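Asks: Next come the chains, spelled out residue by residue.
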Amino acid sequence: MRRWIPLLVFAVLGVFLYLGLYLNPKEVPSPLVGRPAPDFTLPVVGRPGETFSPSEVRGEVWLLNIWAPWCSVCLEEHRHLPRMVADRVPVYGLTWKDLDREAAPLLARNGSPYVAAVDDHDGRIAIRYGVTVTPETFVIDREGMIRMKHVGPITPAVWEKKFEPLLRELQS
Amino acid sequence: MIAELGQFSIALALALALVQGSVPLVGAHRGDRRLMALAKPLAQAQFVLLVFAFAALAWSFLTHDFSVRNVAQNSFSQLPAMYRFTATWGSHEGSLLLWTMILAGWSAAVSVFARPLPEEMVARVLGVMGLISVGFLALLLLTSSPFERLFPIPADGRDLNPLLQDLGMVSHPPLLYMGYVGFSVAFAFAIAALLSGRLDAAWARWSRPWTTTAWTFLTLGVGLGSWWAYRELGWGGWWFWDPTENASLMPWLAGTALIHALAATEKRGVFGNWTVLLAIATFSLSLLGTFLVRSGVLSSVHAFATDPTRGLFILVFLGLVVGGSLTLYALRAPRMMGGGSFGWLSRESLLLANNVFLVAALGAVLLGTLYPLFLDALGLGKISVGPPYFNAVFVPLVAPVLFLVGIGPLARWKQADLHDLLWRLKWAFAVALITAALLPLTLDGMNLQVTLGLFLALWILFTVLKGFAVRLQHHRGSRIRQLARLPRAFWGMQLAHAGLALLVVGVTIVSNYETERDVRMPIGSHLELAGYRFVFQGVEELPGPNYLAGRGTMEVTSPWGRSFTLYPEKRNYNASGMIMTQAAVNYGPFRDVYVSLGDPLGDGAWTVRVYHKPFVGWLWAGTLLLALGGGLAAADRRYRVAQRRRSAPASVAGPLRSIAGEGAA
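As given, the protein sequences belong to chains A and B, one line each in that order.
Okay, so the first sequence: first residue is -14 according to my numbering, each after it adds one.
Okay, so the second sequence: first residue is 145 according to my numbering, each after it adds one.
Among the clues, some could well be false.
With beta-carbon atoms standing in for the labels, derived distance ranges [as the list claims (entries may be wrong)]: (1) A/-11 with B/181: 56 to 62 Å; (2) A/-11 with B/342: 52 to 58 Å; (3) B/721 with A/32: 27 to 33 Å.
Derived contacts from chain B toward chain A, CB cut-off under 10 Å, selection only [claimed, not checked]: (4) 466; (5) 504; (6) 605.
What the hints contain is simulated information worked out from the structure, not anything from laboratory work.
For clarity, every value in this text was computed on a predicted model and none was experimentally measured.
Note that CB positions come from ideal geometry on N, CA and C, so glycine has one too.
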């Protein structure tokens, strides 16, 4: 019997390795989920003189999408975002470290998926949101609380599985 | 065309591997010599085919054949030729091809050098290796073909990951794989022994030189990986307890335990079952490492792209190999082992203690590496296990091993005399302890960590010297000639142990006495660190072959007035747009001075990180000495003597022992 122990240990290990294949180790839950979204007032990209602050949309469910002009995945996401969102929810953009001032012409040229995109030039607000990569998207509820954080681009599958049910719940 | 030929030869190699993995095994079972005789030519032909496939891929890289997807994704028109060649194994697919080629290389080597072994044994060993080869070749063909074409053909490639464009990376993977895959020979010998039902000293003797050789390569591979991280990642660390690093450390620990257990099994016929289990475990851990690095199960700084199909394939393969061999072990391992009895204090008992601690350390690393996965799979949250855990559990488990290194080689087999040992080692112990306790006081006061580390290192060094003295005391004549006459196995063991001591000195001193500063430096400003004076002369643009570098100039003056200039770089790679930090290091026997550039702050000022790392070079010197010792031990004369006598039976251990000398374990 004793000589079966190594096999047994390995079998248990194998089960965990198998389960591990379907988990994503990079997806770390944000400690900000369930906390109020950090407030800020920042200039809106491409609309001189205008500013945006989360307090303006209090009472509404909205998305904050972190992007950067040099992030090719974000630009790809821009192309699909409007179709998926389909006016279900307002999407605001946080432009991260647009050091070369490319964001405004880029949004004007490609069409902006945002109600408004604000300019986080030195990346300070992104730090308060705990942003590690672009793109990242936060779902913020009517009370101004962060309800979910999604890391990486929003694909149709992700939209359907993660965003749709949550939005339905929050907007009802 | 070349790419298709490469693909074709992989397919052909798979066909050969299927035959090699079945027919000779059947032949050995039935005692049919004609079937067994197939093993050797098949193994050699497979090697030729895979070398050709590898050359085809290297050719595609060297000639910029961007119609091959692998080349388009991992090369670039401006990439220098040397890195185009090394890019051959820079991707998952390419490195897998390198892996299979090396596996075929080891099989071919077994077929050539194992001539004196009984035919059955060779057929079984090569058969098992053929089966492993089948798994990897199928993985290569089904999920990760390196020769896939791309249409339309891109105008240029996406460039090799800049992190891999480094000297250390050129040789790190091949050496590491030589080690990983080399343990497949030890594994195959163990399985062959289980299949034949004869777990005697003979199989241990046969697999010893192979195991030691694989261990030597793995030591070099792990060492080079650490050196690469030190130079290339830009923050001067040499070990991060990253899952990828742990994946190479675990087989190394198991392999170290294995070469010691094999010594006891060969000389005294003890620990037979345990040694077989270790041989299986060592290769299984190599496979587990492959799985962890390539499946994306764990998040790591240098894991390959994640792909669940590949991961699943490797896992199924891992399950078959490990599950199959452990089942065989459960069924076939003999219930009662023969072998001599031994006293509580003897070479055997000390080797057993060495194995217990090494395996415990291995278990601690395995647990720490997989713990995040366990918790995540059970839905208990996401955590990451970092250096504090590993340092806290690893050091106390390895320290006893280091202490035993001092005693083991001087203890007799069967029954050692405690008084005799104490008497012989009293000076080594006392001098090491007093020196280690006093040295930190001369630097910056009491430091128990430093005392422990230095004590262990000095203890090992003194006992190594004592080992030589004991061997020479009964001989007359010239000392030099006597030293040269000592068996290589003895030299190998002592050098490897001395290397371990150097390694411990390096680790202890650099972790306790390194200093660093991270400051803003305008042009012409200076800073002082550990008596060194650094003057920053600014950063200028300098185009490289496939990148644009900002090259900083730092004039350094040592406390002794010697001055030199360091050129740390910040490189922007043209194709990928990735920014890389290239640290500049001034190497010295007693310290490295390490400068890396941070970010520009305007007006020519930069953030600059400067490190003074005392004794860090001893880490790699120690690693080299470990490997040199391994190489010498593997090349010991008695293995060749054993080869000259055709098919040495088990009992030969007796007379041969006198040739090798008693001390060489």
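Asks: Would you say the C-beta atoms of residue -11 of chain A and residue 342 of chain B sit inside 52 to 58 Å of each other?
Replies: violated (22 Å)
Asks: Tell me if the interface restraint on residue 504 of chain B is satisfied: Cβ within less than 10 Å of some Cβ in chain A.
Replies: violated (15 Å)
Asks: Holds or violated: is there a CB of chain A closer than 10 Å to the CB of residue 605 of chain B?
Replies: This interface hint is violated because 37 Å lies over the 10 Å limit.
Asks: Are residue -11 of chain A and residue 181 of chain B spaced within 56 to 62 Å by their CB atoms?
Replies: Violated: the Cβ-Cβ distance is about 36 Å, outside 56 to 62 Å.
Asks: Just tell me: holds or violated, for the beta carbon distance of residue 721 of chain B and residue 32 of chain A against 27 to 33 Å?
Replies: 29 Å Cβ-Cβ, so the 27 to 33 Å window holds.
Asks: Should the interface hint for residue 466 of chain B be scored as holding, given a Cβ-Cβ cut-off of 10 Å against chain A?
Replies: holds (5 Å)
Checked against the numbered hints listed earlier, the structure breaks hints 1, 2, 5, 6; every other hint is satisfied.
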